[in-house]
Every structure is written in structure tokens, then in C-alpha cells.
Amino acid sequence: MSTAVPRDAPTPDEAGFRSWMAVRGPVIRRKAYLMTGDWYAADDLAQDVLVTVYSRWTRVARGSNVDAYANRVLVGKYVDSARRPWRRETAVETPHDRADASATAAFDAVEAADSRLLQALGELTPEHRAVVVLRFTDDLSVDEIAHSLDIPAGTVKSRLSRALDALRTALGPGVTTPADLEDQP
Amino acid sequence: MSPDLKDVFDDAGRTPPTGRGYDADEIVRRGGRIRTRRRVLTGAATLGVAAVVVGGSIALIGQPLNRGTAIQPGDGPSASPTGVSPSSSGEPTSDATTDSAPTPSPTWTWCRADDVTLTLSDGGAAAGTAYSVIMIKAKPGITCKVEGFAYVEATRAVGDAIGPAAPSGESSGYHPVIGSTVASFLVGISNTDNYDADVCLPVKATSLNVALNMSSLGTNPIDQRIRVPLPDGVTVCSGNVSAFGNQLTVTPIVTGPDGQ
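Chains A and B are the protein sequences, given in the same order. The first sequence lines up with residues 1 to 185 when you count with this note's numbering. The second sequence lines up with residues 1 to 260 when you count with this note's numbering.
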């Protein structure tokens with residue numbers, strides 16, 4: 001017979017992480033959604049990112065910018081997963097839980113509201129899509145994105161510029177680019 | 001008035017569907033397991049290094065690695081390494097030592113698959129994980145740099161990837177330069193016996209696909225992969241065992257031949 005063991009009080013580490021997750025988790029989930037274009041994939045991605053952040057929480061919280069680290073993990077995992085389809089072999093043991101018709105309808109309804117932007121983002125490469133999502137959801141500057149992703153600022157500028165061009169084309173003349181981005185090379 | 005692109009972004013993804021999301025308790029459980037495993041591995045590494053020093057065999061670590069076989073990009077599985085012998089250096093450490101890092105020149109470019117040869121050799125085993133050292137050597141006349149982590153995944157003989165790629169760790173911004181010096185890293189493959197066979201669904205991998213500088217080159221891995229045959233093959237999980245830890249892991253790329 002198994003006996004339920006009362007859960008110990010969270011350690012300071014765990015409490016700190018849970019506090020951070022309560023505030024930043026939904027933001028990470030939203031960014032994951034804008035990158036993947038799908039709430040199911042976004043939830044899986046966000047969960048993976050948060051697991052990684054917590055697995056290194058002691059060091060991350062002590063010395064560096066937690067959000068920058070989380071962004072790096074998020075983009076790394078997203079780009080990695082987006083590149084995966086090439087000749088991939090995956091063992092599927094259980095049917096996807098999206099078989100629930102009411103849940104599917106709810107998800108589809110939410111995604112339909114964002115479909116125009118998601119469709120435009122879908123035209124971008126994963127790297128370009130990640131940069132533009134960070135730029136617009138976190139309001140990060142080019143330098144901040146470069147620092148977050150550990151890539152040169154010039155690479156960020158170039159990706160951002162191409163992504164904006166592609167978005168302008170995809171979304172049509174009815175959508176304007178913020179004035180501060182017109183200066184981007 | 002036309003909507004601003006920022007406004008379009010601001011409105012998107014604001015109303016996530018209810019009934020699903022990430023599970024905070026599961027995140028803490030899984031993250032906690034990884035932390036525990038890392039502490040165990042770090043402890044094992046410390047003990048392993050101490051044992052090497054005490055045993056007076058530290059000189060082995062400094063020996064040039066000439067026991068593997070150089071692998072060219074695009075090599076097939078028939079080019080199997082020979083003469084592999086275990087290293088006495090044991091476990092990897094989780095962090096790269098960067099004190100002796102050369103200062104990268106802005107003119108050095110990111111290494112591409114054609115710029116390097118990879119050499120696989122045995123890196124020992126500990127705590128249910130077998131380690132291999134992958135040494136990266138620049139071809140004559142080439143000097144180039146590499147990102148902190150390589151993209152690594154196991155493949156079948158026909159080239160199909162098996163299971164998830166090894167997760168990249170936290171990049172320190174340290175980019176080893178190879179030319180006159182070599183760089184290396186460890187690949188850990190956890191024993192399939194560590195997992196429930198029904199979840200693991202073990203299959204035999206015959207090689208690793210390795211790609212360098214994935215982020216900086218911004219290329220599809222199919223263009224940059226280097227196939228590294230595994231001597232005699234290695235049994236890996238084809239099922240998703242990520243809930244129990246990563247079966248495939250990599251350490252940061254460091255300067256030197258022994259992956260540490």
C-alpha cells in the first residue's frame with residue numbers, strides 16, 4: 001500500500017523560480033506561440049524552456065539576466081525543433097490529445113484570430129522569425145537581442161531587416177512599420 | 001489610419017485557449033531531476049579526476065589523440081573508426097574552462113563542414129552513460145572558429161535521425177578557434193537500460209550527425225552535417241524519453257584534444 005507523503009516546503013531556489021515563472025511564464029508561452037504558430041507546440045516548447053531554466057536556476061539567477069537566458073533557450077529549442085523535420089523518424093505511442101473535438105475547436109478559434117500575422121510569420125525562416133518575435137514582444141533593441149542570443153549585432157540587424165521586409169510584403173500596405181524601425185539597416 | 005506592425009504583434013496571442021498550458025509542478029519535477037543528475041555527474045567527475053591524479057596516470061590526458069579515425073564530411077557508415085581505446089579521464093564537467101581561450105579575431109569565420117575533419121574516440125563511461133570524444137581539426141591552411149555547442153543526433157545506417165538531438169547548453173560566448181590548435185567536446189549516450197523499454201523502444205544507431213555553428217551559419221543542418229560513424233553501433237532510444245532526462249548530451253566545445 002502506498003502512503004501519500006506530504007510535500008516539503010519549497011526550497012528558496014524553487015520558490016524563487018516559481019515566482020519568476022508566474023510572471024514570465026505566460027510571456028514565454030506567448031513568444032513560443034508566435035514562433036511556432038500553434039498553441040499545442042507553444043505549450044510543449046514553453047514547458048521545455050522552463051524545465052531547462054529551472055535545471056540551471058541556481059547559476060542563472062545568481063549571475064546573469066534570467067530573461068536573456070530564457071530567451072536564448074527558447075530560441076535555441078525553437079530553431080532546433082523547426083529544423084527537425086528533415087528525414088525525421090519519431091515513434092508515436094499514443095494518439096495526440098487534440099482528438100478532443102471541443103478543445104480542437106477552441107484552439108482553432110483562437111488561432112484563427114491571429115491567422116494573418118501567423119501566416120506572414122510562417123513565411124520567415126526560424127532564425128528571422130525568432131528575432132522579429134523578440135523585437136516586438138519584448139521590445140528588445142538590436143544589441144539586447146544580440147546579447148540574448150549570443151550572436152553578432154550585425155546578424156540581428158540583417159535578420160530583422162529581412163524579416164520586416166518579408167512581413168511588409170506579406171501583410172500588405174495596410175500595415176505600417178514603427179518609425180523607430182525604419183532606421184534599421 | 002493603418003495599423004502599426006507593433007500593434008499587430010501586441011494584439012496577437014493575447015487570449016490563449018483555456019484547458020491547457022504548461023504544468024508548473026511538472027516543470028519543477030523534471031528540472032529538479034536534471035539538477036540532481038547533474039550534481040551526481042559533477043561529483044563523479046570530481047572523483048574521476050582525483051582518481052586519475054592519484055593514480056599517476058594524468059599523463060595519459062596530455063597524449064595526442066591519434067587512436068581514432070579522421071572522418072570527412074559526408075563519409076558513410078562504412079568508414080568505421082579503428083583502434084579506439086578508453087580514456088582514463090572519465091566524466092565530463094558541465095562547464096567549459098575559458099581562462100586560456102584565445103581572443104577571436106573578427107576576421108576569423110565560422111567553420112563550415114568542409115573546413116574541418118572530426119575524429120571520434122572513446123571517452124570512458126560513468127553513471128550509466130558512455131562518453132565519446134569528438135575532436136575537431138581544421139584542414140591545412142584553414143583557421144576558423146566554432147560556437148560553444150555542436151548539434152549532435154544519432155542516426156540509423158540509412159541516415160534517419162533517431163530520437164531528439166542533444167540539447168545545447170548555455171553558451172558562454174566563448175568561441176574556440178581552430179587552426180594550429182584543435183578543439184573537442186564529449187558526447188554522452190545514456191544506456192538504454194536506464195529507461196523503461198516500452199518508452200525507450202531501443203534501436204541501433206550506427207553514426208552521429210554533427211553540425212557546427214548552426215546558429216551563426218544559419219543553414220539547414222543537412223548542408224553542414226558531418227556523419228561520424230559509431231564503432232560497432234550503439235543502442236539508443238527511438239521513443240521519447242525526455243521526461244526522464246536527455247539520452248544524448250554534449251559538453252561545450254573547448255580547446256584541446258580531450259573534450260575537457
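Treat each hint with caution, since some may be false.
As the list claims (entries may be wrong) - Quick list of in silico lysine-lysine cross-link-like pairs, DSSO-like style, CA-CA up to 27 Å:
1. A:K157 x B:K204
2. A:K157 x A:K77
3. B:K139 x A:K77
4. A:K77 x B:K204
Don't read these hints as lab results, they were simulated from the structure.
Problem - Structure versus earlier hints - violations, ascending order - result: Going through the list in order, the structure violates hints 1, 3 and respects the others.
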